[in-house]
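Engineer: This is what each chain is made of:
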Amino acid sequence: MFRFVAFAGKGGVGKTTLSAAYALERSRRGDKVLVVSLDPAHNLGDVFERKLSEEPTPIETNLYAIEVDYDAMLRRSLKKLSEKIKDMYGYLRVFNLDKYIDVLQHSPGIEEHAVLETMLDVIRRNEAEWGFNIVVFDTPPTGLTLRIMALPSLSLLWVEKLMELRLAILARRRAVERVLGTKPRVSLGGREVSLATEPRGDPVYAELLKIREEYSFVDRLLKDPQRFSVVMVVNPEALPVLEASRAAGFLSKLGIRIGAVIVNKVLKLPQEDASRRLYEQKRALELLHKFFDRYPIVEVPYLDEEPRGLDRLVKLSRFLEEITEGCTLWSS
Amino acid sequence: MVQAGLLVVAALIIYALFYFTHGRYLQNKVVRADPRRETPAYKLYDGVDYVPANKYVLYGHHFASIAGAGPIVGPAIALGWGWLPSLFWVWFGNVFVGVVHDYLALMASVRYDGRTIGWIAGRLMGRRAFVAFNAYIWFSLLLVVAAFGFIIASLFTATPGAGVAGILLILFAVVTGILIYRTPLGFKGGTVVGWLLIILAIAAGYYTQAAGFALPFDAWLWILLVYAIIAASIPVWVLLQPRDYMNAYILWASLAIGGVALIWLALRGEGLLTWPAVTGFFANVVGGQPSPFWPAVPLVIACGALSGFHSLVGSGTSSKQLDNELHGLLVGYGGMVTEGFLSTMIIGVMASYGTLALADSVFKAVSAGGSAADLVSEIASALGVGAVTDKASALKFVETLASNPAAFGSFYAGLANALKWSVIPLSYAYATNAAFGLDLTVMTIFATLWITAFALTTLDTATRLGRYAWQELMEPLKSVSGGLYRVLSNKWIASIILAVLGMLLAATRQFLIIWPAFAGMNQLLSSLALMTVAVWVYKVQRASALGNALVIAPAIFMWITVTLALLWYESVVIPPMIAAGGTSALTGAVVGVVTAVGVALNIAIFILWITAMRRPAESG
Amino acid sequence: MLNRLWDVARRFTGSLLGMLKMRSVEYLEAELRELENVFALLVLGSFIGLPSPPLPISLRLLPHLGRELLVATRISERLDDMLGEMAGLFEIS
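Protein chains in written order, with our numbering: chain Z, 1 to 332; chain B, 1 to 620; chain W, 1 to 93.
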């Protein structure tokens, strides 16, 4: 069974490093692991000290990595969408498409759609070609990641509603057809077009069905605690902890499993040093334990050196033993 | 003595004469209808709203849309002035004002891409005219619920069997709808079943009435209240659509049966008019006060002669489906005179067989006792005729009343009202019974169903429209109190407020106050529409002198008539109501305020109109 | 002569039938148009600032919504006078 985990958190908390460390440790314990960085500000290649691409690059025997070119990903996604418009819109006056595409990239929803698409692409290719036991996703900053996670549920909600409305429309068209004896027609751009009256003959309904199926697949996957899990990464500061707890609540409501909470960059200073920073940290940690008492909490100390390179990553992964011991991130 | 059937024939002749002379003149010299000019149905053809329809189909549809309970109830009340003045207004008011209004509103809309008359008013006279139009519509909705709620409840109280049939028809309409729209039975099969169900409903009504079933007036009002709120909240294809469809059959059938009955009777030398031709210039028609025939008649007879709602229908749907400009004459002009024909038939039926009908109701009322019986004894003593004790004395009572024009003018409206207007369907029943031997009770139920079928549909549509209009009206509240706005503009609150207010007014039983207020609002609407088409004709069409006169004269005439009538209403009819206290005061206040606002708007609009007429000519 | 009469009778019933059919679907068609309008608004609302489905869903459905777009456009042209339009359709008489 292929398992997936997403490391989520604010920018700069250490997602990339921790996902790399986790992946390295698990790969040395026997799993075939792939790390995929979706963070626009990623530095996975630096962490592994390897040049990475959009295809799996071997780091070690059982460890591979992908670094997604964020801008290229967006452009690809947009291009696919705009091709669809260009293909079908001959008979309606629409926009000057080229100019429109550039605007589209800032449209709400494009980014999360693109990232979700990429994740799905990885998942599908994993199943079809690569066969990695565990795929670790280093995700974009929290806000975007939450929207990505919510996208399948939200889409399904919309699709259900639209299907309901569509059936109401088709039922009435059938009634009109029944009385007048001919299918309702409409004049589009000079052409007379017959309108669909049955779900089976309706391209809109067919498309809605397809969309529902696609999103259902993702939705089921995300909500399967045996296959998908999220690791929340925070730093020991009060406000970020609060934010993370809200994010965790949101994910739980969506039905997505949270496998663990990692608080990274914990200052380990002598107790006598009653500096303000320590006090803040203590408060943050208390909050953390309060909000996340249900989940395994892992504390990772502030390391002297920047964890670059495999050796330093191994040192970092010592602190992750609780979650690297077995496949505890997922339920069994 | 004149036979009622002759009236019908006379109507046909007069209308036909005017159609081919007056109508043609309007078409050729005023509208300048051009068969080669593309109507919106072609210019804006989209297979959605703008679809050309066959001339006769559109005519039939337009007529069925403008027909309702109005052209029946109005003339029935107006008989207080005698059948001659009533006919006079139904014939010449219709021809000189009514058809001009209907036909030109339709054609103006055709020239403005199918926009509504209110929108055109905005274009030609400024935004305030447009706002006034919408205000009139909203006020009308409240009053129509009150007026029609009352008439339905009255008729059902008088003929309980019809009430049963009416309620059953609601259910049956839903069933018919399902059969037509959602089963393979389809249009033909479903329609046949629909008709069978109508017959079944009438039969059920007949037998339950024979078994003694009856409900009090207020109970019917409650039922109607619930009906209005629920009906207006369900998808249109469940109840409203099938109802509206089946109503068309009932309309044409009743019209045909009634018209043919009268003509057949006339050929046999029967159906003589026994009611007074003229009772006096002042008759106690409006609110029990001596009402001058002019200017008060438009407050009583609206739909048979002139109705603002017709301009909405003409410019709302008919104009978008006109195939050819020359068809407008049949649709707009023809539709309106057909409505006049309907009113003529009603007047004929009532003025000839009303005596028998009234006698029936009087006898029933006296047997039951109560306020109606008291009124009868009052009138009996005033007439110097013996007390009513049996059918014979009841008949004598009515005959005496009918042969005394002054007394008839004084007492008719109040009496008919107290008798729950059963005189209307009963007259029709007696007429058809005399002509074809059709069973009296069955025909009474049928005639009641005819009137109430349309009225019930109107309750539904008025509540729906009222929901929307109410929300628009509450707009200014948004800036004052968001919370209050949200509560008040909630669709359930809006429905309930309108329906409850309307039914409350109906419950006061002050029908002879409410109906004129409703008709008055209708006439305000038509006055505004007439002024709009007058501007169109004078400024845009630049018609000939006679052409202009044919439009401007009615517009001015109606404006003066309606304004004077409403001012009279406010000063003569309303104060006594308020002075009487209790529910009368409540009704008087509500209706008085609404009407006052209408009149104020009307006067303001006149100034707009004059300004628009004097502006340098434009091409619209 | 008889042929002429027969012809007139046929055309009369034809018109009558046409009128009745028109009447039987008038409100149904109006409701259908409004539903299609709502559908268009829901799917494409994002283009005019309304909350709408995720963009990809909208874009995938868009190519098939010719009629709905047409209806929505037509209705939007008349939005400034909805009370009048509705009062004309839902007749009060």
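Hint data in this document are derived by calculation from the structure and do not stem from the laboratory. Heads up, some of the hints might be wrong.
Pairwise CB distance ranges, derived in the manner of DEER restraints [unchecked claim]:
hint, chain 1, residue 1, chain 2, residue 2, range
1, Z, Arg125, B, Tyr42, 52 to 62 angstroms
2, Z, Lys253, B, Val500, 40 to 50 angstroms
3, W, Arg10, B, Thr21, 43 to 53 angstroms
4, Z, Lys80, B, Arg36, 46 to 56 angstroms
Pairs of lysine-lysine residues, derived as DSBU-like cross-links and limited to a Cα-Cα distance of at most 35 angstroms, are as follows [unchecked claim]:
hint, chain 1, residue 1, chain 2, residue 2
5, B, Lys478, Z, Lys183
6, W, Lys21, B, Lys188
7, Z, Lys268, Z, Lys210
8, Z, Lys183, W, Lys21
9, B, Lys55, Z, Lys161
10, B, Lys364, W, Lys21
11, Z, Lys10, Z, Lys183
12, B, Lys491, W, Lys21
13, B, Lys43, W, Lys21
14, Z, Lys265, Z, Lys32
15, B, Lys478, Z, Lys51
16, B, Lys478, Z, Lys161
17, Z, Lys315, Z, Lys32
18, W, Lys21, Z, Lys161
19, B, Lys55, B, Lys188
20, B, Lys491, Z, Lys253
21, Z, Lys51, Z, Lys183
22, Z, Lys265, Z, Lys183
23, B, Lys43, Z, Lys183
Here the structure is a predicted model, which means the values were calculated and not measured. Yeah, the Cβ is synthetic: ideal placement off N, Cα and C, and Gly gets one too.
Engineer: Each hint: holds or not?
Structural biologist: Results for each hint:
no. : hint                                      : in the structure
1   : Z:Arg125 <-> B:Tyr42: 52 to 62 angstroms  : holds (57 angstroms)
2   : Z:Lys253 <-> B:Val500: 40 to 50 angstroms : holds (42 angstroms)
3   : W:Arg10 <-> B:Thr21: 43 to 53 angstroms   : violated (31 angstroms)
4   : Z:Lys80 <-> B:Arg36: 46 to 56 angstroms   : holds (51 angstroms)
5   : B:Lys478 <-> Z:Lys183                     : violated (44 angstroms)
6   : W:Lys21 <-> B:Lys188                      : holds (10 angstroms)
7   : Z:Lys268 <-> Z:Lys210                     : violated (53 angstroms)
8   : Z:Lys183 <-> W:Lys21                      : holds (14 angstroms)
9   : B:Lys55 <-> Z:Lys161                      : violated (42 angstroms)
10  : B:Lys364 <-> W:Lys21                      : violated (42 angstroms)
11  : Z:Lys10 <-> Z:Lys183                      : violated (56 angstroms)
12  : B:Lys491 <-> W:Lys21                      : holds (32 angstroms)
13  : B:Lys43 <-> W:Lys21                       : holds (24 angstroms)
14  : Z:Lys265 <-> Z:Lys32                      : holds (28 angstroms)
15  : B:Lys478 <-> Z:Lys51                      : violated (61 angstroms)
16  : B:Lys478 <-> Z:Lys161                     : holds (30 angstroms)
17  : Z:Lys315 <-> Z:Lys32                      : holds (20 angstroms)
18  : W:Lys21 <-> Z:Lys161                      : holds (32 angstroms)
19  : B:Lys55 <-> B:Lys188                      : holds (23 angstroms)
20  : B:Lys491 <-> Z:Lys253                     : holds (32 angstroms)
21  : Z:Lys51 <-> Z:Lys183                      : violated (61 angstroms)
22  : Z:Lys265 <-> Z:Lys183                     : violated (68 angstroms)
23  : B:Lys43 <-> Z:Lys183                      : holds (23 angstroms)
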